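Below, each chain spelled out in residue letters.
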Amino acid sequence: MTEDTLPTRRQLFEMIGKAGGAIAMYQAMTVLGHAAETQFKGPPMLSGARKGASVLVLGAGLAGMVAAYELRKAGYKVQILEYQDRPGGRNYSVRGGDKIVEVGGATQTCQFAPGNYLNPGPWRIPHHHRTLLHYCKQFGVELEPFIQLNHNAFVHNSKAFGGKPQRYKELAVDFKGHVAELLGKSLNTGALDDKVTAEDKARLLEALREWGLLDKNMAYAASLRVSGQRGYDRAPGGGVGGAPTPSAINGLPDLLDSHVWTQMNFYFGYVMQTTMFQPKGGMDMIGKGFAKQVGDLITYNARVVKLAQNGKGVTATWEDTRTGATATASADWCVCTIPPPVLSQLELQAGDKLKAAIRAVPFSPQCKIGLEMKSRFWEENYSIYGGHSFTDQTIGLISYPNDKMHQDGPAVLLGAFANEANGLILAGMTPEQRIETALQQGAVFHPAEYRSEFLNGVAVSWPRMPWILGCTSRWTDENRAAHYQNLVALDGRIVLAGEHASYYGGWMEGSLLSGIDAITRIHQRALAA
Amino acid sequence: MIGKVGGGLAMYQAMTALGHAAESRFMGPPKLGGARAGASVLVLGAGLAGMLAAYELRKAGYKVQVLEFQNRPGGRNYSVRGGDKVVEIGGATQTCGFAPGNYLNPGPWRIPHHHRTLLHYCQELGVELEPFLQLNHNTFVHRKTAFGGKPQRYKELAVDFKGHVSELLSKSLNAGSLDDKVSAEDKARLLEALREWGVLDKNMAYAGSLRVSGQRGFDSPPGGGPNGAPTASTINGLGDVLDSHVWTQMGFFFNYVMQTTMFQPKGGMDMIGKGFAKALGNAIRLNTRVTKIAQDDKGVSVDWEDAVTGQKGNSTADFCVCTIPATILGQIPIQVAEAKVAAIKALPYSNPMKIGIEMKRRFWEEDYSIYGGHSFTDQAIGVLSYPNYDFFTRKPGVLVAFSSGTGGYELVGMTPEQRIEAVLAQGSVFHPAEFRKEFATGTSFAWSRMPWILGSCARWTEETRAQHYQNLVSIDGRIVLAGEHASHLGCWMEGALLSSLDAITRLHQRALAA
Chain B
574 MTEDTLPTRR QLFEMIGKAG GAIAMYQAMT VLGHAAETQF KGPPMLSGAR
624 KGASVLVLGA GLAGMVAAYE LRKAGYKVQI LEYQDRPGGR NYSVRGGDKI
674 VEVGGATQTC QFAPGNYLNP GPWRIPHHHR TLLHYCKQFG VELEPFIQLN
724 HNAFVHNSKA FGGKPQRYKE LAVDFKGHVA ELLGKSLNTG ALDDKVTAED
774 KARLLEALRE WGLLDKNMAY AASLRVSGQR GYDRAPGGGV GGAPTPSAIN
824 GLPDLLDSHV WTQMNFYFGY VMQTTMFQPK GGMDMIGKGF AKQVGDLITY
874 NARVVKLAQN GKGVTATWED TRTGATATAS ADWCVCTIPP PVLSQLELQA
924 GDKLKAAIRA VPFSPQCKIG LEMKSRFWEE NYSIYGGHSF TDQTIGLISY
974 PNDKMHQDGP AVLLGAFANE ANGLILAGMT PEQRIETALQ QGAVFHPAEY
1024 RSEFLNGVAV SWPRMPWILG CTSRWTDENR AAHYQNLVAL DGRIVLAGEH
1074 ASYYGGWMEG SLLSGIDAIT RIHQRALAA
Chain W
838 MIGKVGGGLA MYQAMTALGH AAESRFMGPP KLGGARAGAS VLVLGAGLAG
888 MLAAYELRKA GYKVQVLEFQ NRPGGRNYSV RGGDKVVEIG GATQTCGFAP
938 GNYLNPGPWR IPHHHRTLLH YCQELGVELE PFLQLNHNTF VHRKTAFGGK
988 PQRYKELAVD FKGHVSELLS KSLNAGSLDD KVSAEDKARL LEALREWGVL
1038 DKNMAYAGSL RVSGQRGFDS PPGGGPNGAP TASTINGLGD VLDSHVWTQM
1088 GFFFNYVMQT TMFQPKGGMD MIGKGFAKAL GNAIRLNTRV TKIAQDDKGV
1138 SVDWEDAVTG QKGNSTADFC VCTIPATILG QIPIQVAEAK VAAIKALPYS
1188 NPMKIGIEMK RRFWEEDYSI YGGHSFTDQA IGVLSYPNYD FFTRKPGVLV
1238 AFSSGTGGYE LVGMTPEQRI EAVLAQGSVF HPAEFRKEFA TGTSFAWSRM
1288 PWILGSCARW TEETRAQHYQ NLVSIDGRIV LAGEHASHLG CWMEGALLSS
1338 LDAITRLHQR ALAA
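Protein sequence lines, in the order shown, are assigned to chains B and W. All residue numbers for the first sequence refer to this note's numbering, where the first residue is 574 and numbers rise by one. All residue numbers for the second sequence refer to this note's numbering, where the first residue is 838 and numbers rise by one.
Check each hint, because a few of them may be wrong.
Stated by the list, open to error - Within a straight-line C-alpha distance of at most 30 Å, the following computed BS3-like cross-link-like pairs (lysine-lysine) qualify: (1) W:K1103 <-> B:K710; (2) W:K1039 <-> B:K614; (3) W:K1039 <-> B:K732; (4) W:K1274 <-> B:K789; (5) W:K987 <-> B:K732; (6) B:K947 <-> W:K868; (7) W:K992 <-> B:K853; (8) W:K1274 <-> B:K774; (9) B:K947 <-> B:K885; (10) B:K853 <-> W:K981; (11) B:K732 <-> W:K1024; (12) W:K1008 <-> B:K789; (13) B:K646 <-> W:K1039; (14) W:K1111 <-> B:K710; (15) W:K992 <-> B:K614; (16) B:K853 <-> W:K1008; (17) B:K774 <-> W:K1008; (18) W:K1008 <-> B:K977; (19) B:K768 <-> W:K1135; (20) B:K614 <-> W:K1135; (21) W:K1197 <-> B:K614; (22) B:K758 <-> W:K1039; (23) W:K1197 <-> B:K710; (24) W:K1018 <-> B:K710; (25) W:K1111 <-> B:K768; (26) W:K868 <-> B:K853; (27) W:K981 <-> B:K865.
What the hints contain is simulated information worked out from the structure, not anything from laboratory work. Treat the numbers as computed from the prediction; the structure is a model and nothing was measured.
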């Protein structure tokens, strides 16, 4: 073989893939040094489907639609039943004119200006979620950067700094400075001589001095050099009065009050690391992209009330939510992506273990609130472009929009992303009370502007959405050990899919990987049947 | 209101008191009221400093003319595109072969979120900005003497570094060796912080686990269905992490001027210069090489030569804002005090170079999940940077090598062809299978070999600044200097603009007093 005829890496993978199947290809990629960033091995290869074989897909979220898309490509006859009047499921964006109706009847009509939106569910895409990126590219969904880490956003802790928010950069630089100084002291007093070699000790001291910005006495102290990271009291300028003045540093106790390590840690979470993306124009562009492919297969407003199966096939009984009329849909196989909080309430002909698993998956109660503001004051007055300001109040954080930066308002701030107990607190309020809470608590970051620039808001409390009754699955180690394999196992002719049927709970990538895995196993079962 | 009453300084102090951090010296466009009718200013150089001076002085009522040596406005605010010629001292000539839409920003390429002056004028001139992805956890760090020369992902090294630091510090705390430095209460809280931040286990040890992999990445990442369980990755020992010098990058990303969020103009950095030039129209005379700058108590007189026709000419005005870079100005007769001439000659310039390498395929995105950001190496090329536009497309992309310090000198000494070969050889360390195979074309830009500037930007030392800076920026008769070199923000466009605003504000006061 000459250079020219050597297979490319990609050709090599394709060859290995064809010869040895997906697992072999995956292993080859790992050996060749491409880190195992995803379990995605390309779209599934479902060849040899029997003529006329059919699959019923329940739910037109991402898991259901990727299943339908790939199964139809493989030759299956596919039908999708969807409870809502739109595709996408939690892949969803709320825009001006949209109605949100909660369990209990509270109804909001979103007032956002044209072009503005709130992504109440997924809102950011990690660079290593290859399955999702693959389908975005394939369906022409345009992505733009989601600004995750913004050094200039705020950290607020009610018990720190007299309740005054601090810039992330100041706290984080001070934290590493104090850590470096203390470890430097320990090393220099010989306290770690039994743990670190003399050579590594010298190198670590050098590292601490540089990384922690320590002075020649290995102390972390205010200086222009330190201000070159945490910001100046008076920033450098031009001409005669251009010299900068340094900022004062915070002492260790103040820093410990702030708990800034929580944010420093957050940014290092693998799923939170830069670079991240969002679809241009709203997260639901992805669901719409899928729907363009499989929309003709979807029956909307179809509430499944019963799912039965026998040795020959599956039958779903459903009700038209507008007319109340009842109908059935039958197929050889079923991919059920109905979220467990809803699935557990319908009549399902399946083994006890699967039923127990469905009931055991806990769902989280997030609440997101979108606040439309007249101007982009966070950019103009605070130099904050995208990113999040964190607080220990109920709202959890506020997040700044990543589109239309530097333009005029109105623009939508994420006024709350409340988790766990905080999500439940907000769920217990009326929409108006939630927005008032968001305004009151968010004002801690932008006191002069928050109320005067406010136009309108919309609150999405996931446990109160009738079609899902929760946000995402939250497996614990214990219930995963007890139930996960039962949840994902084929039960006769039915298989479950969705983010809850993955180790990527709460992520679109988990839904897609689960959908692909489920149909790969259904296909194998269908061929063997 | 405060601005109108007390002037800029009062407004600045008020803003600081109100809790708006002092992020920038910019206090809005200068208010140059009451210019005398017919007063004129000659601006030398149509870079950002010169064009901003002309733009604001003209708005204030001055008669302004700008003389520019090159055949284009913008100066170092510049982008090289397909078809553009790059001619060096010594004659080496390259014609850029990039595909349409692609470019290399050989000079400035990223804009900090706190450079308010630049952001203000971008907004005013309609220059559209997009994010410049500075920090990418998934790029590589390479050091010849670390990991057998194999590049490591930044996230793995950085997570391991903070893990080991946390473990060691917690050991010291638990052994009581810092009891005289840290109160009992803070000790307990710091241990909690280290456990969380360093991802330590219940024994306060940094060890491979799924929890640690949740930051540094998995051996097999989480998936769906029955085989979806992830497996943990292996951590690096302290010695290996120290070999990598990853703290250099960890510190770099914390630099105030390097912190996220950053921006770049859509379509190339020169959109900013073009925005100013459009606003100034025919006030700029291009291809005009200044040969002498003289002044008396009536005005300034500048001799020049047309670089195309050889025609000689002379321009006069009441005042002069001179933005010619010190490297060039030092060679032009200028009628100012000796102290200023000494300052001009004393100013050191840096000599980095950038090399743009166009690749047929965006393999860094498709095969490595790298979107924007930089991979670092201790080889001469220094940094390999990934493009921040046209993500996910099938368009060819331009990678950028940014070489400074001794690496820069090494590459500058080569022919353009040798430089490209050096980038291909050294960049291959990050992407061995693809780097040469996907290479389409390259253009190198050596600042010290550009006849119009002979260097990149001002690098004041504390000593030279103490001795010369005030002499450089002071008004000398009817002449004032401006540019990034006349600021405390050397090498940044913000410095050029702030210097210019300061210079014209002082010049205006002088003109009113004259």
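Need the status of pair W:K1039, B:K732: alpha-carbon distance at most 30 Å? holds, 27 Å
For the pair supplied as a hint, B:K947 and B:K885, confirm whether the alpha-carbon distance does not exceed 30 Å. It is violated: about 60 Å lies between the C-alpha atoms, which goes past 30 Å.
Restraint status (C-alpha distance of W:K992 to B:K614 at most 30 Å): Holds, at about 23 Å.
Assess, step by step, whether the Cα of W:K1197 is no farther than 30 Å from the Cα of B:K614, and give holds or violated. holds, 24 Å
For W:K868 and B:K853, compute the direct alpha-carbon distance and say whether it is at most 30 Å. With Cα atoms ~40 Å apart, W:K868 and B:K853 exceed 30 Å; violated.
Pair hint outcome, W:K1018 versus B:K710 [Cα-Cα no greater than 30 Å]: violated, 55 Å
Hint check: W:K1008 vs B:K789, CA-CA at most 30 Å. Holds or violated? Holds, because 25 Å separates the two Cα atoms, which is no more than 30 Å.
Below or equal to 30 Å on CA atoms is what counts here, so check B:K646 against W:K1039. violated, 50 Å
Can you confirm whether the C-alpha distance between B:K732 and W:K1024 stays at or below 30 Å? Holds - the C-alpha atoms of W:K1024 and B:K732 are around 18 Å apart, at most 30 Å.
Check whether the Cα positions of B:K614 and W:K1135 lie no farther apart than 30 Å. With Cα atoms ~77 Å apart, B:K614 and W:K1135 exceed 30 Å; violated.
Would you check the hint for W:K987 and B:K732, treating anything up to 30 Å between C-alpha atoms as holding? violated, 46 Å
Holds or violated: B:K758 and W:K1039, Cα atoms, limit 30 Å. Given pair B:K758, W:K1039 holds - Cα atoms ~25 Å apart, limit 30 Å.
Violation of the numbered hints given earlier is confined to hints 2, 4, 5, 8, 9, 10, 13, 14, 16, 18, 19, 20, 24, 25, 26 and 27; the remaining hints are satisfied by the structure.
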